[in-house]
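K.L.:
The opening position of the sequence shown corresponds to residue 1 in my numbering, with each subsequent residue numbered one higher.
Hints were generated in silico from the structure; no laboratory data involved. None of these values were measured; they are calculated from a predicted model. Watch out, some of these pointers could steer you wrong.
Straight-line Cα separation of at most 25 Å, PhoX-like style, residue types lysine-lysine; simulated pairs [to be verified]: (1) K262 <-> K242; (2) K154 <-> K454; (3) K397 <-> K154; (4) K433 <-> K173; (5) K110 <-> K131; (6) K315 <-> K256; (7) K116 <-> K131.
Per label pair, the in silico range of CB-to-CB distance [stated by the list, open to error]: (8) V192 <-> Q332: 16 to 26 Å; (9) T139 <-> N462: 30 to 40 Å; (10) E135 <-> E96: 41 to 51 Å.
Think of the CB as a built atom: it goes at the ideal place given N, C-alpha and C, for glycine as much as any other residue.
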Amino acid sequence: MLKNLRGFSNTKLAGVLIAIIIVPFVFWGMGSVFSGGNTNNVAKINNKSISTQDFLQYVNQSRINLEYVKENIENNVIEEILTGLVSNKLLEMEIESLNASLSENILANKIRSDEKFVDDKKSFSRLKYEKFLLENNLTAPIYEIKLKDQELKKNLFDYVSGGLISPYFLKNKIYINENKELEIEYFDLNQVYKINTSKSEIDKFIKENEDNLKEELIDIKYTKITPKTLLDISEFNDDFFKKIDEIENSIFNGSKLNEIQKAYNLKIEVVSNFNNEMDSDEILREIYSKRKEDNTQIIDKNDFYLLYEISNVKKILPDLNDLNFIERVKNQLVMKQKIDYNKKLFKKIQDKKFSNVEFLKIAKNESNIKKLKINSSNFDETFSRESVELLYSLPKKSFVLIADKNNDVYLSKISNINTSMLNKDADKVNEYKLKSNSQVMGEIYSTYDLSLSKKYNVKLFNSTLERIKNNFR
């Protein structure tokens, strides 16, 4: 789960590690993990319940901005918070099961040796400690509990992966892979793509893709509401905003623009059959971009309020004599031909049916083939970083499609790979020690994670979660 998070119910420690040590995550596709019927508990781990009170207390202790929560309910923020809470509870249960503890003396020494709390003479400063607590709105007991929890969690991960010493061959393997020099040959496929299209090809493409080529046209009624147009005054005041509130309530209650126009004597502009290709007017473009939303809306534009209604939306195929439309069709057809060509090449390479003879044949002329030496996996001057990483993952004599930063595609061949060994006395040894340790640690955590997935059963109560969301709305 550390590498492939698929569901909180399947693997547990990964959620803990990611939420506490690595990066926060959200619940994706919870499926049958969710349950209903329990109104006081939001989750349950084995026989240990997590109540709504626990959830709210966790929110308060985490100092999460409540306005942020309210504004991001639909972006799974409640699920993210619950992830953190469940992760913490899992950690506590695992620490408890291992009988891990931290003595008062060790905790006191941790505080006394913290650089935040020592003076110029490297002695513990009670004044600095109390100032820190005051600035962070903490009491000493609460801070010490937090610190103790943090140290116990650190001890748990040390317990899982402590004493790790990766061998030289693993450090050397990573070093070789990152620093090998690749000699590649490549050429731009733009030189071989078909870019000319006949009328019959264009007509066929239009016929086969008629629905996708249809454009949406909308009929719009709109007005700009200002203090002048609404109340015949020059300044924004309470009376103006009260009228705006009345209009918003009318829209909420289902009133149409014509009704609002009559009630407030507004001047309405009417535009028929509009799409983005017709006009550069920013207001009309904004209304067009919202055509999938509510038909009638009022929007605060700072200097004025925009009130509009989309009265009709229709999809039509543009006139075949429209040169702009035909040009767009040509571009789409050429792009499709490029994609199809790349797919055929990719399949041949994947099926190992691509040879050097065909490489030269497609290039047409050896003068079209360029040569390049790449001496690091971080090289990104010619090709995209992802393409270079792909090259570094392949063996000698491999063929591969790569791209540059402009997304132009190239056919490439790795003609040679030059490698060097990691010098055991070099300064880089420590760097690759950390990298190899991290790699081994990831594998250890994954193994430990699998064992914990059988130990803890997590159930979430969907009805309670929805009730919490409604309380924040």
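K.L.:
Does each hint hold? Answer for all of them.
P.N.:
Hint check results:
| no. | hint | verdict |
| --- | --- | --- |
| 1 | K262 <-> K242 | holds, 18 Å |
| 2 | K154 <-> K454 | holds, 23 Å |
| 3 | K397 <-> K154 | violated, 46 Å |
| 4 | K433 <-> K173 | holds, 11 Å |
| 5 | K110 <-> K131 | holds, 17 Å |
| 6 | K315 <-> K256 | holds, 23 Å |
| 7 | K116 <-> K131 | holds, 10 Å |
| 8 | V192 <-> Q332: 16 to 26 Å | holds, 20 Å |
| 9 | T139 <-> N462: 30 to 40 Å | holds, 36 Å |
| 10 | E135 <-> E96: 41 to 51 Å | violated, 32 Å |
Taken one by one, the earlier hints fail for this structure at numbers 3, 10, listed in ascending order.
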